[in-house]
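Novice: Chains as they are written, first to last, in the numbering used here: chain L, 1 to 168; chain C, 169 to 574.
Quick caveat, the hints were computed from the structure, so don't treat them as lab data.
Heads up, the beta-carbon is just placed ideally off N, CA and C, and yes, glycines get one too.
Possibly wrong hints are sitting among the right ones.
[As the list claims (entries may be wrong)] Here are the computed distance ranges between Cβ atoms for each label pair:
#1 L:S24 / C:I372: 52 to 58 Å
#2 C:L306 / L:S21: 57 to 63 Å
#3 C:P194 / L:E14: 53 to 59 Å
#4 C:I221 / L:L127: 41 to 47 Å
#5 C:E205 / L:D100: 20 to 26 Å
[As the list claims (entries may be wrong)] Within a straight-line C-alpha distance of at most 30 Å, the following computed BS3-like cross-link-like pairs (lysine-lysine) qualify:
#6 L:K148 / C:K494
#7 C:K348 / C:K361
#8 C:K361 / L:K83
#9 C:K551 / C:K262
#10 L:K148 / L:K69
#11 L:K91 / L:K133
#12 L:K15 / L:K133
#13 C:K348 / L:K69
#14 C:K551 / C:K182
#15 C:K227 / L:K148
#16 C:K270 / C:K348
#17 L:K133 / C:K485
#18 C:K455 / C:K348
#19 C:K262 / C:K494
#20 C:K262 / L:K133
#21 L:K91 / C:K551
#22 L:K133 / C:K182
#23 C:K351 / C:K361
#24 L:K15 / L:K83
#25 L:K91 / L:K69
#26 L:K83 / L:K69
#27 C:K182 / L:K148
#28 C:K361 / L:K91
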Amino acid sequence: MSLTNEIIQQRLTEKFGEQVSAFSISYDMLQFEAPKEINLKVLNFLYDDPQLGFIFLTDLTGVHYPDQKGRELAVVYHLHNLKENIRLRFKVYTAVEQPDVYTATGLFSSANWMERETYDFFGINFLGHPNLKRILNVDEMDYFPLRKEFPLEDQTRIDKDDEMFGRG
Amino acid sequence: MSEHIKLPEGSIEKTTTTLNLGPTHPATHGVMQNILELDGERIVSADQTIGYIHRAFEKLAERRPLAQITTLTDRLNYCSSPLNNMGWHMTCEKLLGITTPKRVDYLRVIVMELARIADHLICNSIMGVDAGAYTGFLYVMQYRELIYEIYEEICGARLTTNMGRIGGFERNFNDIAFQKLEKFLDEYPKALKEFENMFQRNRIFMDRTMGVGGISAERALNYGFTGPNLRAAGVDYDVRVHAPYSSYQDFEFIIPVGSTGDSYDRWLVREQEMWQSLSIIRQAYQKVQSFTGAEAEVYHADVPEYYLPAKQDVYTKMEALIYHFKIIMGETDIPAGEVYHAVEGGNGELGFYLISDGGRAPYRLHFRRPCFIYYQAFEELVKGAMLSDAIITMSSLNLIAGEMDA
Numbered sequence: 001m002s003l004t005n006e007i008i009q010q011r012l013t014e015k016f017g018e019q020v021s022a023f024s025i026s027y028d029m030l031q032f033e034a035p036k037e038i039n040l041k042v043l044n045f046l047y048d049d050p051q052l053g054f055i056f057l058t059d060l061t062g063v064h065y066p067d068q069k070g071r072e073l074a075v076v077y078h079l080h081n082l083k084e085n086i087r088l089r090f091k092v093y094t095a096v097e098q099p100d101v102y103t104a105t106g107l108f109s110s111a112n113w114m115e116r117e118t119y120d121f122f123g124i125n126f127l128g129h130p131n132l133k134r135i136l137n138v139d140e141m142d143y144f145p146l147r148k149e150f151p152l153e154d155q156t157r158i159d160k161d162d163e164m165f166g167r168g
Numbered sequence: 169m170s171e172h173i174k175l176p177e178g179s180i181e182k183t184t185t186t187l188n189l190g191p192t193h194p195a196t197h198g199v200m201q202n203i204l205e206l207d208g209e210r211i212v213s214a215d216q217t218i219g220y221i222h223r224a225f226e227k228l229a230e231r232r233p234l235a236q237i238t239t240l241t242d243r244l245n246y247c248s249s250p251l252n253n254m255g256w257h258m259t260c261e262k263l264l265g266i267t268t269p270k271r272v273d274y275l276r277v278i279v280m281e282l283a284r285i286a287d288h289l290i291c292n293s294i295m296g297v298d299a300g301a302y303t304g305f306l307y308v309m310q311y312r313e314l315i316y317e318i319y320e321e322i323c324g325a326r327l328t329t330n331m332g333r334i335g336g337f338e339r340n341f342n343d344i345a346f347q348k349l350e351k352f353l354d355e356y357p358k359a360l361k362e363f364e365n366m367f368q369r370n371r372i373f374m375d376r377t378m379g380v381g382g383i384s385a386e387r388a389l390n391y392g393f394t395g396p397n398l399r400a401a402g403v404d405y406d407v408r409v410h411a412p413y414s415s416y417q418d419f420e421f422i423i424p425v426g427s428t429g430d431s432y433d434r435w436l437v438r439e440q441e442m443w444q445s446l447s448i449i450r451q452a453y454q455k456v457q458s459f460t461g462a463e464a465e466v467y468h469a470d471v472p473e474y475y476l477p478a479k480q481d482v483y484t485k486m487e488a489l490i491y492h493f494k495i496i497m498g499e500t501d502i503p504a505g506e507v508y509h510a511v512e513g514g515n516g517e518l519g520f521y522l523i524s525d526g527g528r529a530p531y532r533l534h535f536r537r538p539c540f541i542y543y544q545a546f547e548e549l550v551k552g553a554m555l556s557d558a559i560i561t562m563s564s565l566n567l568i569a570g571e572m573d574a
């Protein structure tokens with residue numbers, strides 16, 4: 001029996017009930033979220049369940065939403081079931097004041113550098129990571145550059161009117 | 169430590185040697201550092217440092233309209249820029265819901281497979297250089313040059329191509345481009361065969377690469393390997409087949425797989441893929457030639473909001489002028505949504521994760537860079553091996569610093 005988005009959603013709700021939420025389909029890919037406390041439980045379930053078998057971590061990254069109070073930072077996992085050839089996107093949100101999320105390195109060796117990169121750019125603290133230090137930026141850096149509070153252009157410039165450039 | 173050397177009082181005797189391989193070492197082929205801990209010539213541990221050419225593409229992309237991001241993708245895997253360009257255009261098209269005409273798809277396939285050949289050619293010949301065979305490298309460079317000349321005819325650039333637009337190509341392929349393609353299809357197979365004869369059953373090359381840097385399929389999957397490196401370990405995962413894009417479903421080709429996942433298998437898989445790419449290019453060229461009449465002139469989809477109008481129209485037609493202005497000034501809002509699109513890049517699954525909040529630029533753009541993900545397995549690959557094995561393992565992985573550091 002081939003695996004479909006409906007079956008994945010059904011299996012997840014059977015197992016975690018109300019805790020997994022916000023199911024939606026975005027450009028054919030199932031996406032959902034869970035509280036950050038159970039991120040490893042969800043990943044483990046997706047990995048181990050004989051029917052699901054999401055054994056390949058395609059991508060792990062962060063997103064910063066400064067306007068969402070209490071859930072400013074998101075960690076996004078892209079998982080792939082290679083046998084059934086189906087992908088899904090799984091998100092956990094965390095507050096920016098205490099950005100602690102459990103590491104997935106125990107499950108996926110590939111998560112090691114991807115989590116380091118996410119820490120490097122967003123400051124998400126992966127609890128239990130074997131070597132959580134900066135990877136692309138210099139070690140001395142004391143901020144997390146992909147957060148939205150760091151604008152790309154010098155904000156003190158007055159010779160450019162953003163309104164004129166569709167950037168207002 | 170020798171009994172003749174008197175160590176200063178209180179010093180600790182160290183039995184291993186630390187060796188800095190890189191950041192600018194002729195054998196690293198890119199700016200990356202490896203701190204190797206050696207016991208004699210055996211590697212005890214390896215600590216990779218990357219990020220020397222980090223250029224903050226993901227941050228830059230948050231301020232740019234879609235069309236301006238193409239130039240950033242050029243600089244990821246710069247051995248196969250057109251592949252990245254096409255991957256990016258297809259991501260945008262997926263987000264915007266644009267379907268491209270078949271002829272555009274086939275032209276794209278030609279360009280992408282040429283880029284794959286260029287990429288694999290570099291990697292395989294560089295492996296020869298690192299094993300002491302410089303001749304093969306110099307010899308096949310001529311044929312990469314032929315590929316670059318084709319790029320030049322198509323888009324005017326050679327290395328960082330910025331090729332194509334959202335919806336298709338900026339201009340139709342001219343006759344010279346097709347002539348050059350025919351020349352390449354005619355001359356290259358002979359050279360590739362010669363190159364293959366030089367290495368494939370070469371005792372020295374086989375001894376240097378077989379059993380070096382091997383990885384099991386299970387570990388490779390756990391480490392997020394994709395592309396030829398994963399296929400060399402025996403997993404037949406190829407994005408072109410698993411999630412066909414740009415009409416790859418219309419082509420007949422096989423996916424070569426290895427068994428041991430070592431450097432030799434990686435070399436063989438790439439070699440075989442070049443033959444497959446050649447066959448795909450021939451099929452695509454045939455399909456392109458089969459179009460007749462008005463269809464034979466199609467080189468882009470009809471998407472005026474994202475595709476720049478012809479310059480003469482801008483001066484004479486109102487709509488064209490408006491679209492031109494909006495595109496150049498980046499005033500077109502893109503629809504809100506989240507999209508992940510992957511293409512089979514030169515060294516693995518190149519993915520684009522684009523989040524749009526409905527503004528002019530992406531809210532967040534993340535590149536899934538294959539070699540960034542699989543390079544972390546390097547320590548496991550070389551632990552216990554000789555120093556010279558580390559060099560050949562590194563070149564067999566097809567690491568591109570530009571892609572790794574984004």
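Novice: Going through the earlier hints one by one, which of them does the structure break, listed in rising order?
Specialist: Numbers 4, 5, 8, 9, 12, 13, 17, 20, 21, 26, 27 and 28 - these are the hints that the structure violates, sorted from lowest upward.
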